[in-house]
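Student: Here's the letter readout for the chains.
2 protein chains.
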Amino acid sequence: MSKVFSALATSVDGYITGRGPRPGHGLGDGGVLFDWYGDPRNAVVYDSLVERVGAVVTGRTTYEDSEMFGGEGPHPTAPMVVASHRPAPTEYADSERQFFADTIEAAIELAKELAGDKDVAIQGGITLTTAITAGLVDEVVIHQVPVLLGGGRRLFNDLPEQVRLVLVEASPAAGVIHLHYRIEK
Amino acid sequence: MSKVFSALATSVDGYITGRGPRPGHGLGDGGVLFDWYGDPRNAVVYDSLVERVGAVVTGRTTYEDSEMFGGEGPHPTAPMVVASHRPAPTEYADSERQFFADTIEAAIELAKELAGDKDVAIQGGITLTTAITAGLVDEVVIHQVPVLLGGGRRLFNDLPEQVRLVLVEASPAAGVIHLHYRIEK
Chain A
1 MSKVFSALAT
11 SVDGYITGRG
21 PRPGHGLGDG
31 GVLFDWYGDP
41 RNAVVYDSLV
51 ERVGAVVTGR
61 TTYEDSEMFG
71 GEGPHPTAPM
81 VVASHRPAPT
91 EYADSERQFF
101 ADTIEAAIEL
111 AKELAGDKDV
121 AIQGGITLTT
131 AITAGLVDEV
141 VIHQVPVLLG
151 GGRRLFNDLP
161 EQVRLVLVEA
171 SPAAGVIHLH
181 YRIEK
Chain B
1 MSKVFSALAT
11 SVDGYITGRG
21 PRPGHGLGDG
31 GVLFDWYGDP
41 RNAVVYDSLV
51 ERVGAVVTGR
61 TTYEDSEMFG
71 GEGPHPTAPM
81 VVASHRPAPT
91 EYADSERQFF
101 ADTIEAAIEL
111 AKELAGDKDV
121 AIQGGITLTT
131 AITAGLVDEV
141 VIHQVPVLLG
151 GGRRLFNDLP
161 EQVRLVLVEA
171 SPAAGVIHLH
181 YRIEK
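Protein chains in written order, with this note's numbering: chain A, 1 to 185; chain B, 1 to 185.
A few of these clues could be false.
Stated by the list, open to error - Now the stretches of chain A that chain B is said to cover, found in silico as 3 or more residues with beta-carbon under 8 Å:
{"#": "1", "segment": "79 to 90"}
{"#": "2", "segment": "164 to 172"}
Said to hold, decoys possible - Partial list, computed: chain B residues near chain A (C-beta under 10 Å):
{"#": "3", "residue": "I142"}
{"#": "4", "residue": "P146"}
{"#": "5", "residue": "G175"}
As the list claims (entries may be wrong) - Covered stretches of chain B (in silico footprint by chain A; criterion: 3 or more residues with CB under 8 Å from a CB of chain A, positions within the stretch not fixed):
{"#": "6", "segment": "12 to 23"}
{"#": "7", "segment": "54 to 63"}
{"#": "8", "segment": "159 to 172"}
Hints in this document: simulated from the structure, not taken from any laboratory. Ideal placement from N, C-alpha and C gives every residue a C-beta, glycine not left out.
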């Protein structure tokens, strides 16, 4: 059974972008959130997460900040479903890697179909929080980067009620600690 | 030389209180942030931090939410300095454990004098963020509790610029992971 998870590089104060994220500068300014990717000691963790992904769900904000991923997706091979109340843009309408759904439930359902035996990865803080609120997320991996960014887009947004987690694994590594949480159901 | 640090129980989404913190309910509602205190495996970490503290700096919000600590302080023995632009209240004016200072700089300077050879602990997210911005904090310990609270008072507030940290130690324990960061100077 496919799992739904997120795995996002996040500052200690909870931001997944620097200040001023915008189209063409999706990660904002002064980004240091991905400095750890290059270290081979982190590659094991990162590659094993990438390997799990059969489809990605992303929000409209991330999609537009990322300039529609140029008709592709954030994952090297997996298709992407954009959860958005607004109509799908006509650009890249013929892309075989970009799908649209108008609710988070429909987006995750479609992503699970597309993922087959693999898992669904959620990108974007608003989309992740919406999906957690809907009870649709199984795991959250935080690549906690040792910096306070002080502003940007948050990993977690307001929730209507508290959600219990279980720490499955914590792996301190070079320039990052990988915190792997399971959501209690 | 005295260090200035904070060590606060914090949810994975960055809150140090539940929803609706207010006088008499300083930790808000639905608090689960301190469930781990009772476990002896956490006592070693917690007690060693308490032992370091020679004085506490707190903000006016925390002070009032905590009903002026009844003329005492949050620490069993250490005096407390309240950083507040507003005039000191007359209640408990004769307390030998409560002092007031009108800037964060003055509060930390006074706390260092009071602490002697011991360290200064900062309580309260606004006060901590102000002190970090002023370059006055050496270490931040986050007792990260496996819950998303979804609302409350935040550990970190907006910063004018990014601050680099170094992860000194990460100790996964029962119902909490202790993340010990040093601030790069």
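Student: It remains to establish, for every hint, whether it holds in the given structure.
Tutor: Going down the list of hints, with the structure as the test:
1. 79 to 90: violated (count 0)
2. 164 to 172: holds (count 6)
3. I142: With Cβ-Cβ at 7 Å, under 10 Å, it holds.
4. P146: 4 Å, holds
5. G175: Constraint on G175 (chain B) satisfied, holds at 9 Å.
6. 12 to 23: holds (count 4)
7. 54 to 63: As far as the segment 54 to 63 of chain B goes, the hint is violated, because 0 residues have Cβ atoms under 8 Å from chain A.
8. 159 to 172: Holds, because 11 residues of the segment 159 to 172 of chain B bring their Cβ atoms closer than 8 Å to Cβ atoms of chain A.
Figure legend: structure checked against the earlier numbered hints; hints not met, in rising order: 1 and 7.
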